[in-house]
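Protein chains in written order, with the UniProt record's numbering: chain A, 1 to 123; chain B, 1 to 123.
Worth flagging that the hints you see were computed from the coordinates, not collected in a lab. Treat the hints loosely; a few may be bogus.
A pair counts as met if it fits within one copy or between any two copies, since identical chains are not told apart.
The list that follows gives simulated cross-link-like pairs (lysine to any residue, SDA-like), each with its CA atoms no further than 25 Å apart [unchecked claim]:
1. K51 / Q30
2. K41 / G90
3. K96 / G40
4. K8 / M34
5. K51 / F18
6. K41 / P3
7. K8 / E92
8. K51 / P71
9. K51 / D31
10. K51 / G109
11. K51 / P3
There are 2 protein chains.
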Amino acid sequence: MDPDAVAKAFVDHYYRTFDSNRAALVSLYQDGSMLTFEGGKIQGAQAIAAKLTSLPFEQCLHAVSTVDCQPSGPQGGMLVFVSGQLRLAGEEHALKFSQMFHLMPTPQGSFYVQNDIFRLNYA
Amino acid sequence: MDPDAVAKAFVDHYYRTFDSNRAALVSLYQDGSMLTFEGGKIQGAQAIAAKLTSLPFEQCLHAVSTVDCQPSGPQGGMLVFVSGQLRLAGEEHALKFSQMFHLMPTPQGSFYVQNDIFRLNYA
Numbered sequence: 001m002d003p004d005a006v007a008k009a010f011v012d013h014y015y016r017t018f019d020s021n022r023a024a025l026v027s028l029y030q031d032g033s034m035l036t037f038e039g040g041k042i043q044g045a046q047a048i049a050a051k052l053t054s055l056p057f058e059q060c061l062h063a064v065s066t067v068d069c070q071p072s073g074p075q076g077g078m079l080v081f082v083s084g085q086l087r088l089a090g091e092e093h094a095l096k097f098s099q100m101f102h103l104m105p106t107p108q109g110s111f112y113v114q115n116d117i118f119r120l121n122y123a
Numbered sequence: 001m002d003p004d005a006v007a008k009a010f011v012d013h014y015y016r017t018f019d020s021n022r023a024a025l026v027s028l029y030q031d032g033s034m035l036t037f038e039g040g041k042i043q044g045a046q047a048i049a050a051k052l053t054s055l056p057f058e059q060c061l062h063a064v065s066t067v068d069c070q071p072s073g074p075q076g077g078m079l080v081f082v083s084g085q086l087r088l089a090g091e092e093h094a095l096k097f098s099q100m101f102h103l104m105p106t107p108q109g110s111f112y113v114q115n116d117i118f119r120l121n122y123a
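In isolation and in its complexed conformation, chain A is listed as follows:
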């Protein structure tokens, strides 16, 4: 499958899940997965899911502007770089964000998130 199409499908799935059922994101991470969220470092699927579900808003909507991807090396990993906007329920203005994912293949032919770095792009 075309890597750009895989990246696009992952990104669509990730933000759709984030915006509809954040707790379900746990299945995309593993014990060794790392998240850096606005500079804070979290490791492991359970801790990452706990962080994401505890963010201080009930609902949000991601609108993706760009998705870039590259193979990360001989182990079949893929780097996915996203820019977009994030709108919180009840807030008038959208926030710009950038996020990168390092996806690694699973034995089942899918991918999990090995690395995840998120930043808001303040004006």
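Place chain B on chain A using the hints.
Same frame as chain A, but now just chain B:
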């Protein structure tokens, strides 16, 4: 050495070189290195340096806002995620950008850029 300190030192070196002598960036890439610049894909140190030196401005100044880093896997790689602002000579307004680097160790104990993805964050 502390990975965050290595990432910070790399980022300082990269943008100082970019802003003073773009052609010298060639030494940070290898033949298998990949750059995605505003969606355009370029491979190999020479082609990447040619792209960066051909950008349509003489001078620019990067101001880094955030640097995040994570180990990318068992091969000793490091993911570095940067946000900041870019000011072109003669332009009043700075442009916001995000960039990620995947650094891989060299036998000499340094790092080269295996992956590089750059995006301007338009308002």
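Evaluated hints:
Taking CA atoms no more than 25 Å apart as the test, K51 paired with Q30 passes inside one copy only; the shortest distance there is 15 Å, against 38 Å between copies. Within a single copy, K41 and G90 get their C-alpha atoms no closer than 28 Å, and across copies no closer than 39 Å, so neither meets the 25 Å cut-off. For the homomeric pair K96 and G40, the shortest alpha-carbon distances inside one copy (18 Å) and between copies (22 Å) are both at most 25 Å. For the identical chains of this complex, K8 and M34 are neighbours both inside a copy (21 Å) and across copies (19 Å), given an alpha-carbon limit of 25 Å.
Taking the shortest alpha-carbon separations for K51 and F18, only the intra-copy value of 12 Å comes in at or below 25 Å, while the best inter-copy value is 36 Å. For the identical chains of this complex, K41 and P3 are inter-copy neighbours only, at 13 Å across copies versus 28 Å inside a copy, given an alpha-carbon limit of 25 Å. Taking the shortest Cα distances, K8 and E92 never come within 25 Å of each other, neither inside one copy (27 Å) nor across copies (35 Å). Proximity of K51 and P71 under a CA criterion of 25 Å is satisfied inter-copy only: 20 Å between copies versus 28 Å inside one chain copy.
Taking the closest pair of Cα atoms, K51 and D31 come within 25 Å of each other only inside a single copy of the chain (14 Å); across copies the shortest separation is 39 Å, beyond that limit. Proximity of K51 to G109 under the C-alpha cut-off of 25 Å is found in neither arrangement, the shortest distances being 27 Å within a copy and 35 Å between copies. Taking the shortest alpha-carbon separations for K51 and P3, only the inter-copy value of 23 Å comes in at or below 25 Å, while the best intra-copy value is 29 Å.
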